[in-house]
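Colleague: Chain by chain, the residues run as shown.
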Amino acid sequence: MKKIVTAALAAGLAFSGAAQASDVVEKSFLPYKAGTPENAVAKSGAVITAANVDQAKDVLDPAMYEAIKNGWYEMKVGATTSFDVSKSYVDATEKNLGKVALGDKLGEIKGYVAGRPFPEEPQASDPRAGEKIAWNFKYGINWGDSAANSPTYWSYRAMADGKVERVLKMSMHWLNFMHRTGQAPMPNIEPNPSEMYRATYVKVLEPQDVADTQLLIHRYEDDTKLDSTWLYLGFQRRVRKLSSGQITDSFLGSDIMIEDFEGYNGRISDMKWTFKGARTILMPFFNHDEQVLAAEYAEPNYKFVGFTGKGSCFANVSWQLRKAYEVDVTPIDPNHPVGKRTMFFDAQTMAASRTLTYDRNGKLWKNFTIGKAHPDHHLPINKGTGIALDDTFSMIDVQAQHCTTGQFKGQVDASMAPANRFSVDAMRSGN
Amino acid sequence: MRYWLRYATAGFLVLAAAMPAMADDGDGWTIKNKVDEEVRFRDNVGLSKMRTLGQSDIDKKLNGGETFSSLKLHTTLRASYDKTYDVNPKFGANAGGSVAFKNNSGGYTTWGSAAAPWGGLANGNNNQGMALVDGWREPDGGLAFATPVRPCDVDSRGCIKGYMDSTKNELAAPEFNDRLDFIRELYVDGEVPVGNNTLALRFGRQQLVWGRSDLFRVLDVINPVDYSRNSIYDELSDTRIPMGMLRADYRMGARGPFDDINFQSVWVWEKFRPNNLGQGGSTNNPGGAGAMFRAMNNCWENGCTVGNYNGQASALTFAPHMIGIRRAEMPEWNLGNTTIGGKIEGELKGVGFSLNALHTRSQMPVLKGGVLSVGNRNGNSASNNEAVWPYAPAFDIIFPRISVFGGSADFTAAPIDTAFRVESTYTTGEMFADNSTPDLVSKSDVIRYVFGADRNTFMPFLGTNNAFLISGQLFGQHIVNHHLERTATGGLMGMVDWEDSWIGTMMIKGWYAGQTISPQIVFAHDFKAESNVIEPSVEWIPAAMWRFRLGSNIKFGQYHQAFSTNADGTPWGSAPARNVWQSGQPYGNLRNGLLGEGHAETEVFANATLRF
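These protein sequence lines map, in sequence, to chains W and B.
When the letters of the first sequence are read in order and numbered with our numbering, they come out as residues -12 to 418.
When the letters of the second sequence are read in order and numbered with our numbering, they come out as residues 17 to 628.
Everything labelled a hint here was simulated from the structure, so no lab data went into it.
Keep in mind that the hints are not guaranteed to be accurate.
What the hints assert, rightly or not - Taking beta-carbon pairs under 8 angstroms as the criterion, some of the chain B residues facing chain W (in silico):
{"id": "1", "residue": "225"}
{"id": "2", "residue": "264"}
{"id": "3", "residue": "265"}
{"id": "4", "residue": "274"}
{"id": "5", "residue": "276"}
{"id": "6", "residue": "368"}
{"id": "7", "residue": "433"}
{"id": "8", "residue": "434"}
{"id": "9", "residue": "471"}
{"id": "10", "residue": "527"}
{"id": "11", "residue": "563"}
Unchecked claim - List time: in silico EDC-like cross-link candidates among lysine to aspartate or glutamate, alpha-carbon distance up to 20 angstroms:
{"id": "12", "chain 1": "B", "residue 1": "287", "chain 2": "B", "residue 2": "181"}
{"id": "13", "chain 1": "B", "residue 1": "76", "chain 2": "W", "residue 2": "208"}
{"id": "14", "chain 1": "B", "residue 1": "365", "chain 2": "W", "residue 2": "208"}
{"id": "15", "chain 1": "B", "residue 1": "50", "chain 2": "W", "residue 2": "199"}
Note that CB positions come from ideal geometry on N, CA and C, so glycine has one too.
Isolated chain W, as found in the complex:
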């Protein structure tokens, strides 16, 4: 499938008659067309351990280097593969190339219609390069126009002994109301008076003490407009509008805050984005059906990714060398609990697969990994979607020696994310 997409893309570019534009888009979406990155140690089939990690230091982010160096994790290396992005999204990028510009202020953008807003290679000389990457992330392919991650299991683990303290079973849903490229209606779901860009809905299914808790987030097209976030507490049977402080608090006792969802779940305008450069590093991209999958929670036609390493805090998946953009993301609010995040965005998909979170004293606080699975090696419904699937996550609080791990069953299925699911009133019904 990826070959078909690549061929189609190449054909499209060839007929476009805009050689320069095509080159920009092609480089953005097909970074491995000319060849895949190589490293003397991090070769396909290799395992990076404490014994050889120093030889692979250049292709590891600092937190993963430390984790392996400490003997917490042995990293399996797979071959670099292309995660071709949905053709409709690439086409939209091509169509609108050069028409998008940053506004005068942080959080402002002009001329955006659909696709990747800034496919041009970021330049260190551009003081706003980090901000452009942030826009590429916000308007990234992500879960496509709509999808569900259902069920998903979050396990709270003590890193010292791997004891699982708590498991949450949840259902997560996403829907883009604007800039849609793959599912009807396109480009927007109307009416949409508040110009909501995207909505996220989460329902906790188990355990009983938090069952029926529901979270709804509305993110607006106007990035300077605060997200609207509501929480339905089953034991109260009431919807509460959340203050922004709750967005940066532990979500249901996990090591994750709502702002951490999908790597970063907040406004661009809340952060200062500093581009640190393009790097080739090991990123958790893999084929789900080629991994050693877990027996726990297995369903008749699906098994979840498992965990390994210290405290079983690390996804038992293979990593591959990939081109990534390193961006320092610093909260503008001096009272924000995070001092800084260093995020590594996958250049091809713009997925924020690696995030290092530092506390306000500049000390590493959390080591966040989102494992991305190729859609053609996953559930049949995901095949050919061109959406790199969130398949697992691991959020390690290295200070508290505690982690939360996630096992996902991602389904790019519009029927699982109908628009009426993303309303406050639907949540209020308790269903």
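Based on these hints, arrange chain B on the given structure of chain W.
Modeller: Okay, now just chain B, sitting in the frame of chain W:
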């Protein structure tokens, strides 16, 4: 068969008939169970709760066929047993004892031994199983009553038929009564796509929550509440009394300027139920109503000895049918007595809002005079005729028809990281105690409102990376047609309740150890009554199945509120001679409010919950 039961049965027969077409879609049943043990202890009475509770929440997805996009059956079954009534002799079959009233002239007068110029107590109305109502009141503080306190199957004195007449088993196991409360919820829930909109229907016994406030209710008045369980301090979802309703929501999503707009209509078809305020002898006596009403019903049925009546030097004994509460007029089931309501709820430019209207009956009781009574114990002459005597303290309990119009809104203020919520109602038809009117009650419209603010605040100096939830609320009540005037003797005549009153609440909740340990403080202050409550507690969740909670509920501050002075309690003397109900009971109690009247219920508690 009771009307409401007939409707419920008919509804579920219809459902049952349709069931073959609604075969299991394969999702099966979802069953969640919990067992909860709660122990409470007061220094004045010892054990005040020793309750074991079991609850099952059962859901079954149904195949809705072509019509329903989703369809499910839900039921919540609950059973509990409070052993307090068995193990603590202060409650239950052997509760109470003999009582005596302090005299203005010194000394005591025991129940039944006071002067009885109009005849004595009925046979059997002995000085046994009795307790003083608010025994803290001094003899110059107005009337003093005593109430029987044993369950109604043990001692039927003062038990108000159909309202406050629980047997020992009904007090200990409140779910097993003639309203089948062990079926806490039972409803069918379905969603029907209508174009781009959704019609959501829910039929059956359920809770329907309006509004955005905690602890006290402003808009959340569709379901009555069981305050006898733990006054206002349990979660409302546990204390609301589910009612049989048909509820229809028409969800339109985004329309016009609205990000979300929805319409709801509700018909509460189950027979009216008032709030449960306990009864004389129950472990909780919210608002002091249960004990007071039982004392007064006993006065009516069997006569009573009343301390300090009319400012007399010593207690007086009244014969039956002279003073007291004659009966509770419990509304019968008919269409006119059911509740209807509706709301519009939505989001507009970042502000969540609702506009609500409800036509129902007051869930709180009203004492209405103007009933036939013997003698004219509040007039200028002492007649022994039976008549409707103006200002006579002889009452029926009624639940007047009321209409509630209100609205609510919530929004966030980004610069201060705070979510705000407001809620207000305008209610017509409510009735308030008023000693200036012949039947001692008058109608007034009422405005109620609440302002709330919630903020999550990081306080790392308290040793946690988790934010603390700080939640404050200010509740207010304004009686629109309030009137009050000074009497010639300097007392007060008019409506007893405060014209304006406010209660402030503050909750601070923190989380430690991966949110497995959560300390919390809840504080409430009644600005007019000058009464307070503070409830510090700690919750520990060592595993998903287990939750433990330890805490205390401490009432402090003023609880001696009075209304007017006893100088006006001279009905046989000079005009206007309307004020026999003076500074003590019940008028003073009305000014103590819920917090002040709970002053004797300071307690420590421990709770363990097992979920499986």
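Colleague: Just to be careful: measuring from the Cβ of residue 264(B) to every Cβ in chain W, is the smallest value less than 8 angstroms?
Modeller: Hint on residue 264(B): violated, closest Cβ of chain W at ~12 angstroms, above 8 angstroms.
Colleague: Checking one constraint from the list: CA of residue 365(B) to CA of residue 208(W), max 20 angstroms. Satisfied?
Modeller: holds, 13 angstroms
Colleague: Does residue 265(B) hold up as a contact with chain W if the rule is Cβ-Cβ below 8 angstroms?
Modeller: holds, 7 angstroms
Colleague: Could you check if residue 434(B) really has its C-beta closer than 8 angstroms to a C-beta on chain W?
Modeller: Check passed: Cβ of residue 434(B) comes within 5 angstroms of chain W, closer than 8 angstroms.
Colleague: Taking 8 angstroms as the limit, does the beta-carbon of residue 471(B) come near enough to a beta-carbon in chain W?
Modeller: holds, 5 angstroms
Colleague: Could you check if residue 563(B) really has its C-beta closer than 8 angstroms to a C-beta on chain W?
Modeller: Check passed: Cβ of residue 563(B) comes within 6 angstroms of chain W, closer than 8 angstroms.
Colleague: When you check the alpha-carbon spacing of residue 76(B) and residue 208(W), does it fall within 20 angstroms?
Modeller: Violated, at roughly 39 angstroms.
Colleague: Less than 8 angstroms between beta-carbons is the criterion; does residue 274(B) satisfy it with respect to chain W?
Modeller: holds, 6 angstroms
Colleague: With the threshold set at 20 angstroms, check whether the alpha-carbon distance from residue 287(B) to residue 181(B) stays at or below it.
Modeller: holds, 18 angstroms
Colleague: Would the hint on residue 527(B) stand, with a C-beta cut-off of 8 angstroms toward chain W?
Modeller: Because about 7 angstroms separates residue 527(B) from the closest Cβ in chain W, which is inside the 8 angstroms limit, the hint holds.
Colleague: Classify the hint on residue 433(B) as holds or violated, based on whether any CB of chain W lies nearer than 8 angstroms to its CB.
Modeller: holds, 5 angstroms
Colleague: Tell me if the interface restraint on residue 225(B) is satisfied: Cβ within less than 8 angstroms of some Cβ in chain W.
Modeller: The hint holds - residue 225(B) has a Cβ within 8 angstroms of chain W, the shortest such distance being about 5 angstroms.
When each numbered hint is compared with the structure, violations occur for hints 2, 13.
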